[in-house]
Amino acid sequence: MSEAIAFYTLAVLSVGTALAVILARRAITAVLSLVALMFALAGVFVLCQAYFIAAIQVIVYAGAVMVLFLFVVMLLNLEDEALSGVKVWLPRAFAGGVALLFLAQWRWGAQGIKGMAIPDTVATRVGSIQAVGQLLFTEYLVPFEVASLLILSAIVGVVILAKKEK
Amino acid sequence: MTITLDHYLALSAVLFAIGMVGIIVRRNLIMILLSLEIILNAANLAFVAFSKNLGDLQGQVFVFFTITVAAAEVAVGLALVVALHRNRQDVSTDAVKELKW
Chain A
272 MSEAIAFYTL AVLSVGTALA VILARRAITA VLSLVALMFA LAGVFVLCQA
322 YFIAAIQVIV YAGAVMVLFL FVVMLLNLED EALSGVKVWL PRAFAGGVAL
372 LFLAQWRWGA QGIKGMAIPD TVATRVGSIQ AVGQLLFTEY LVPFEVASLL
422 ILSAIVGVVI LAKKEK
Chain B
4 MTITLDHYLA LSAVLFAIGM VGIIVRRNLI MILLSLEIIL NAANLAFVAF
54 SKNLGDLQGQ VFVFFTITVA AAEVAVGLAL VVALHRNRQD VSTDAVKELK
104 W
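Chains as they are written, first to last, in the working numbering: chain A, 272 to 437; chain B, 4 to 104.
Simulated from the structure, these hints should not be mistaken for laboratory data.
Certain hints may be false.
[Stated by the list, open to error] The list that follows gives simulated cross-link-like pairs (lysine to any residue, SDA-like), each with its CA atoms no further than 20 angstroms apart: (1) A:435 - B:90; (2) A:434 - B:75; (3) A:434 - A:346.
[As the list claims (entries may be wrong)] Restraint ranges, calculated between C-beta atoms of paired labels, are given here: (4) B:96 - A:272: 43 to 51 angstroms; (5) B:4 - A:427: 27 to 35 angstroms; (6) B:93 - A:419: 29 to 37 angstroms; (7) A:405 - B:89: 39 to 47 angstroms; (8) A:400 - B:97: 41 to 49 angstroms; (9) B:97 - A:401: 50 to 58 angstroms; (10) B:90 - A:408: 37 to 45 angstroms; (11) A:426 - B:89: 14 to 22 angstroms; (12) A:416 - B:90: 32 to 40 angstroms.
Here the structure is a predicted model, which is why all the values come from computation and not from measurement.
For glycine and all other residues, C-beta sits at the position ideal for the given N, C-alpha and C.
Extracted from the complex, chain B is given alone in its bound form:
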């Protein structure tokens, strides 16, 4: 059974759905960031699958930039988590529901 584009896209969709469920259900900020990483990886997989299917390398170049942006975003997000934990000793979303302390 040959592996077609649909197989890769199905895996990407399943991973995307799992990441979405993770963001919705989890209350811990770090777990939400991890689920976000799953979603980004699913998108990268879709890019690479299309790049293979079309014989065009631009999809892989885009994945390169997506990984770069994801690394920067993770760094800033984790810095936010560290600052939040320092101020409130709690990183659950229940604790940060209001803007004003």
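Next up, chain A with everything else stripped away, as it sits in the complex:
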């Protein structure tokens, strides 16, 4: 029961903040709403007993990536994007139709997945740091090291791209 309350609260919060992100007039409002969305999703991860991933979401995603967004938004000092007018509403309605198609396909499309429904009573391995770390350092060791290479290449690319040309 308390899980249901927590889930619905977090779900409403995450959908509301996601809508605030795409409908915001100022970029800074959108960035802060996305930070709120990250926190709401971290709460949902905790509900799924993925504690390590929830911590990583808050520390890395909300704490580093979104701060980077904030830096760039404040650096660029953008003007408010006008949201009124028919030119804006027509593609928005079309996009809304596409979104509804997605949702309808989910609800009535994949009957096969419902056919082989997986019971929810499978014993869950709690996503503690030890459990996920054990997987990371044994079975997924190569992707783990390759991820550090990826971050290094991203750093090099960022420095080259953002450097001022003499």
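Given chain A's structure and the hints, the job is docking chain B onto it.
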């Protein structure tokens, strides 16, 4: 009312649709990147939900790598935005429609 896998997947689908609408409608490059982040988070949520449902932790390991890749991609994307703004003082998609200046 118990929260089943379908609830988490429904939330993931709704967030994915919202992110898609954001990418299509917004004209500012930074807003498009933000909508992309919503989509990535929706995918992460689906991974974690299945990981909980199947009792397998590999979904969470994948989310770990997805967050890493998303961080790298955001860094490079924002560097592109900064370089674009430096050259043209405009980051709307109307300004970057053509490849040749």
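Could you check the structure against the hints above and give me the numbers of any it violates, in ascending order? Number 5 - this is the single hint that the structure violates.
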